[in-house]
Amino acid sequence: EVQLVESGGGLVQPGGSLRLSCAASGFTFSSYWMSWVRQAPGKGLEWVANIKPDGSEKNYVDSVKGRFTISRDNVKTSLYLQMSSLRAEDTAVYYCAKWVQLESTFDMWGQGTLVTVSS
Amino acid sequence: DIQMTQSPSSLSASVGDRVTITCRASQGIRNDLGWYQQKPGKAPKRLISAASTLQSGVPSRFSGSGSGTEFTLTISSLQPEDFATYYCLQHNSYPLTFGGGTKVEIK
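Protein chains in written order, with the numbering used here: chain A, 1 to 119; chain B, 1 to 107.
By construction, these hints were calculated from the structure, which means they are not laboratory data.
What you are looking at is a predicted structure, and each value in this text was computed from that prediction instead of being measured.
Each hint should be verified, as a subset may be incorrect.
[To be verified] Here are the simulated lysine-lysine pairs, DSS-like style, with alpha carbons at most 30 angstroms apart: (1) A:K58 / B:K42; (2) A:K65 / B:K107; (3) B:K45 / A:K43; (4) A:K65 / B:K42; (5) A:K58 / A:K76; (6) A:K65 / A:K52; (7) B:K45 / B:K103; (8) B:K45 / A:K65; (9) A:K58 / A:K43; (10) A:K76 / B:K103; (11) A:K58 / B:K107; (12) B:K107 / A:K52.
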């Protein structure tokens, strides 16, 4: 089955760390750029980061630079987001999404995992 | 960063109505823009890429147009399943940026 399944969300205290995972199946994971996109409760979508198919290039939104690290394991067909120094404003549903370069679109999204930063 | 200003932020419409949503980019982005639909509690779904290319499986009542700084998403005849929130996304330069969203509600 073609799908993306996120995991790793939960409640964390401000200043804490969390690692999100996204398991991919049903497509050639190693051929695609992958992104994390988040959505704060009741708010719009915000692109967070992306990573090149071979992992050699990574891009981030300014608000997470130096705190979040995107990575991937093409053998395990998994995408990761290591989050540290978490803030209340990082509270959101985090989606992983597959970017199809040829079509210039996110053609597949996971179901999302909720991260809540609160004391 | 490129700012994407989407309007209106919400609208009320009836089944069968023609609906137009606009996204304006703070600088030219060629046609590097897509449109996505999101229903409550669900992940976004792609509708249109490259400003005007309808994605596979998307009904033909959806259409997109524009280039440079102004873009529109049009639903020619609103259907019950179209009540959702719509977002534009520019991928011309990093960081990728979404519009603020347009919530389409039932009148």
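For each hint, the structure was consulted:
1. A:K58 / B:K42: Between K58 (chain A) and K42 (chain B) the Cα gap is close to 27 angstroms, so the pair holds against 30 angstroms.
2. A:K65 / B:K107: 42 angstroms, violated
3. B:K45 / A:K43: 17 angstroms, holds
4. A:K65 / B:K42: Satisfied, since the Cα-Cα distance of roughly 27 angstroms is no more than 30 angstroms.
5. A:K58 / A:K76: The hint holds at about 19 angstroms.
6. A:K65 / A:K52: 17 angstroms, holds
7. B:K45 / B:K103: Roughly 15 angstroms between the alpha carbons, so the hint for K45 (chain B) and K103 (chain B) holds.
8. B:K45 / A:K65: At roughly 27 angstroms apart (the allowed maximum being 30 angstroms), K65 (chain A) and K45 (chain B) satisfy the hint.
9. A:K58 / A:K43: The given pair, whose Cα atoms are some 25 angstroms apart, holds under the 30 angstroms limit.
10. A:K76 / B:K103: 38 angstroms, violated
11. A:K58 / B:K107: 44 angstroms, violated
12. B:K107 / A:K52: Violated, at roughly 44 angstroms.
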